[in-house]
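Guided by the hints, dock chain B onto chain A, whose structure is given.
There are 2 protein chains.
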Amino acid sequence: MFSFRRIKSSLYYPIILSILSLKSLENNISYNDKEDTNKELKIYTEKEVSTHTTKETGIWVIYDNNIYDITKFIPNHPGGPDKIKLASGKHVEPFWSIYPQHYNSKLPKELLEKMKIGRLHDDDILKNKSKNNELKKNDPYSSDPIVSPLLNIHSAKPINAEAPGVLLTDNWITPDDTWFVRNHHPVPINIDENNYKIILSGNGIKTPIELTLNDLKTKYKPTKIISTLQCGGNRRGEMNKYGITSGTPWDISAISTAEWTGVRLYDIMKSIGILYDEDFLEENNITNVQFIAIEGMEASVSSKKALSKNGDVIIAYEMNGKPIPYSHGYPLRVIVPGHVGVRNVKWLSKIVLSDEESKGPWQRSMAYKGFGPSIKSIESIDVEKIPSLQEQPVQSAITYPSMNQKLIKNDTEKIIGYAYSGGGRGIVRVDVSIDGGNNWITAKLKEGSEQPLDKAWAWTFWEANIKIPDNIDNLEIICKATDASYNVQPDSIKGIWNLRGINNNAWHRINVNVIEDNDTDDTVEE
Amino acid sequence: MFSFRRIKSSLYYPIILSILSLKSLENNISYNDKEDTNKELKIYTEKEVSTHTTKETGIWVIYDNNIYDITKFIPNHPGGPDKIKLASGKHVEPFWSIYPQHYNSKLPKELLEKMKIGRLHDDDILKNKSKNNELKKNDPYSSDPIVSPLLNIHSAKPINAEAPGVLLTDNWITPDDTWFVRNHHPVPINIDENNYKIILSGNGIKTPIELTLNDLKTKYKPTKIISTLQCGGNRRGEMNKYGITSGTPWDISAISTAEWTGVRLYDIMKSIGILYDEDFLEENNITNVQFIAIEGMEASVSSKKALSKNGDVIIAYEMNGKPIPYSHGYPLRVIVPGHVGVRNVKWLSKIVLSDEESKGPWQRSMAYKGFGPSIKSIESIDVEKIPSLQEQPVQSAITYPSMNQKLIKNDTEKIIGYAYSGGGRGIVRVDVSIDGGNNWITAKLKEGSEQPLDKAWAWTFWEANIKIPDNIDNLEIICKATDASYNVQPDSIKGIWNLRGINNNAWHRINVNVIEDNDTDDTVEE
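Residue numbers (the numbering used here), protein chains in the order written: chain A, 1 to 526; chain B, 1 to 526.
With the rest of the complex left out, here is chain A:
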């Protein structure tokens, strides 16, 4: 396809005119306009730009389909060099959308203008425009919402995606754009909000009861719960390095936090005469509460957790003060604080009081069961007898620096990360080591550390200053957390490896390169 590559010398102008005559000028009028303001610009494809991510090649980014060489600017980036490097070889708009200061000031664009070196190839511009339309043809996933471009996509159908770790601790309440997405089916989008209802049935309920979305919003007191959801497979990628497992190879970001608004399940049950009372539950054989979604997903938790006031289980209709996004369960999602993500069923349509767990594969089959390290094949065990994952073990990870980042000798660096434990067990301490675990620095606990220790449904952020040694070229930085029951993370993966690759909570280890000050090039090594 023809492209309006600017020819450097006006000597060639007649040639350009002759080529233009072969095309419809009308169709290309906008490109002609651009050309006038983009003098001396070369044309590059997205693929070409994507190779420019190091000092040697130059670090390029795309903004408004123009291409900029930001190599020399990186050390001066007000948000720090690590953040700007995330966009190396990519479009910057997705990143700017979560840092709106780039749009609120003229400065970023003025600075960029001086670094402009080229223009994106028309093929890529058109491809990006038509990408969404193409996706929608003959595909059950065609109506899936567009995934935030900030997320790294592990699979598109169903969508499983997570943010780069370094973005995770920017906000204690995770913005929609960096919330991990973990779905099992196409996202339901044809929701008729006015007629949406959930059905309550099962043991202790004589006739099934319907509640509309409007009932929930208007007839009950709203309850707000800040809860962290973590996929059972978070950090599975690391576990695969020890021995291959099955499932999505999540890095450290299959975990996010929101403030959920909804109705306490305790209040709903009270309104239909189901009181939280051990004798009542026993007499009526209510041991589990099953949650069923409109797309077929189902999961259950114990009745003690689901129905007690203390359990803080809510039927949520808002995430961070707005209707829950489609990908996260619009219009209703159950929030089971302190339990693994999969129990927080999205697109909720039925609640069943039962004497058994849900029958679905997410409850009774191997997907969310923690096998021993000796189990190398599923045939050798009785999966039903293994307890399904509910509360998760204590966890922590380093979000800054990133793996293979360059740090400077003798610099004091602020190590940043998150920590979380299941069952509402608060984080009492995070320790950081740079000598393999022989000596530890106690990190400072930040956002989240004020939560009650027996009801800490959300993660805790932390930071620790370390001095980069001057006698090594590579440094391993380790973190580990201790929760309110004084449970700790295991040193290594070798005792917790399991066929499904769940519950990886080994000490988190980040390897960084240590360089002399004058080696600094602020580039990202590929």
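To be clear, the hints were calculated from the coordinates, so they are not data collected in a lab.
Heads up, some of the hints might be wrong.
Since the list can't tell identical chains apart, any single copy or any two copies may satisfy a pair.
[To be verified] Below, simulated PhoX-like cross-link-like pairs (lysine-lysine); rule was C-alpha separation at most 20 Å, straight line:
(1) 72 <-> 129
(2) 270 <-> 309
(3) 270 <-> 197
(4) 385 <-> 359
(5) 385 <-> 446
(6) 385 <-> 444
(7) 90 <-> 42
(8) 376 <-> 444
(9) 109 <-> 72
(10) 455 <-> 309
(11) 72 <-> 406
(12) 304 <-> 455
(13) 241 <-> 322
All values derive from a computational prediction rather than experimental measurement.
Chain B in isolation, oriented as in the chain A frame:
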């Protein structure tokens, strides 16, 4: 002092008579009687006997003040060689008292008779008789109950003692004789049962309320709870090998289990109008419940744990169907299932509803606080800010074989142990490794494994068969447990070492000697 050592040859009889004339024959009449039945016996002191514990020296035991060489009998002991070896160099009566079959049959005494080699020195016999009387002079601890002779005593004043590990898993409900004792003061023994009362007071209670022991036994429904109590310092001895800590160097037996009978604190509070209701507790500033003992000990737990029906906290008046022994809190002890031993306050006299934790050193000072591994001195930290130990992390230990035991190449050995986790989190799996943790065998869960996974207040026993390799002389056997929240034990002590030496739940490692079959001597190496 003179002793009636039997002189082998009757040639010396005149000499004996002349010596006897120097003493009162009347005082020694019993010894003369003994002498007649103990012909050809040498006299040994307890100290001499205590050195005979190996094949080389011969393995000796004392029964009824006679001394026996049981070296050759050990492989034939019906209870197994490991159990009989516990008495090496010692009196056997304490051991026989927990295996009453020794008294129910004539066989043990008949067998022993053939192995008799000597008689205990009179000094030791008299010393043992007078030991108790001597202890009682001018000593606040003089009235402390005699400690079961099966226990290894870490300190006598106050008494801190634990059973040899190998006895621990003989009974899922620990017999009194092997229950660990951990006291902070002299044991209160002058208890007037008829006038014994507890006082309930504090926030939400206008006038303090007295309840007599008789009230508790007659006016309330009895509740039985099987609960394991573990000292926060269990396994501190191992931690000291990594770096010295402070406190009693417990081995693996500062943990025991009983069936407790008493009154649910929920029922008591209900009877005085204190309902378990979050709003009520909040309005009345009831966040903690403090328990105060008659000897000055006090500790507290959260009101949620103490007052909810689900918490299963009881005021116990029986331990294993009998009045609680003096050393364990007679006549009343609070049982806080799933919480560290120290919160189960003995000799209970006051219950206070409060908006703060107990002020005592066991709650707010360093004794039961988990510092980070970086804390090398108490001056560097604000101890009050560190959460006090309540629920304990997941734990397990190997009770058989013992450290340095000899096992035979190619034999299949049954490895035995216990596992436990705080907060009622049941044990879902125990793994055993004999190659440093690279490969694991899943153990079979035994007694305790049927407990509900969210209310497993007692430990779980387990066993695993391993084949002893034939290509090594020393073998390290490792165990680790996983609880219902999928928390696990850390690989090593290096991440959990702390100044107070609490919460040691690293993988438990036992080193055994591996020998050829014909090397078997069934002796205990010192």
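How the hints compare with the structure:
When the C-alpha separation of residue 72 and residue 129 is checked against a cutoff of 20 Å, the pair qualifies neither within a copy, at 31 Å, nor between copies, at 90 Å. In the homo-oligomer, the alpha carbons of residue 270 and residue 309 lie at most 20 Å apart both inside one protomer (10 Å) and across protomers (19 Å), since each shortest distance falls under that limit. For the identical chains of this complex, residue 270 and residue 197 are intra-copy neighbours only, at 18 Å inside a copy versus 39 Å across copies, given an alpha-carbon limit of 20 Å. For the identical chains of this complex, residue 385 and residue 359 are intra-copy neighbours only, at 14 Å inside a copy versus 45 Å across copies, given an alpha-carbon limit of 20 Å.
Taking the shortest Cα distances, residue 385 and residue 446 sit within 20 Å of each other only across copies (15 Å), while inside one copy they are farther apart (40 Å). Taking CA atoms no more than 20 Å apart as the test, residue 385 paired with residue 444 passes between copies only; the shortest distance there is 13 Å, against 41 Å inside one copy. Within a single copy, residue 90 and residue 42 get their C-alpha atoms as close as 17 Å, which meets the 20 Å cut-off; across copies the closest is 94 Å, which misses it. For the homomeric pair residue 376 and residue 444, the shortest alpha-carbon distance between copies (18 Å) is at most 20 Å, but the shortest distance inside one copy (40 Å) is not.
In this assembly of identical chains, residue 109 and residue 72 lie within 20 Å of each other by CA distance solely inside one copy; the values are 16 Å within and 93 Å between copies. Taking CA atoms no more than 20 Å apart as the test, residue 455 paired with residue 309 passes in both settings, with 12 Å inside one copy and 18 Å between copies. Taking the shortest Cα distances, residue 72 and residue 406 sit within 20 Å of each other inside one copy (16 Å), while across copies they are farther apart (69 Å). When the C-alpha separation of residue 304 and residue 455 is checked against a cutoff of 20 Å, the pair qualifies both within a copy, at 15 Å, and between copies, at 11 Å.
In this assembly of identical chains, residue 241 and residue 322 lie within 20 Å of each other by CA distance neither inside one copy nor across copies; the values are 39 Å within and 56 Å between.
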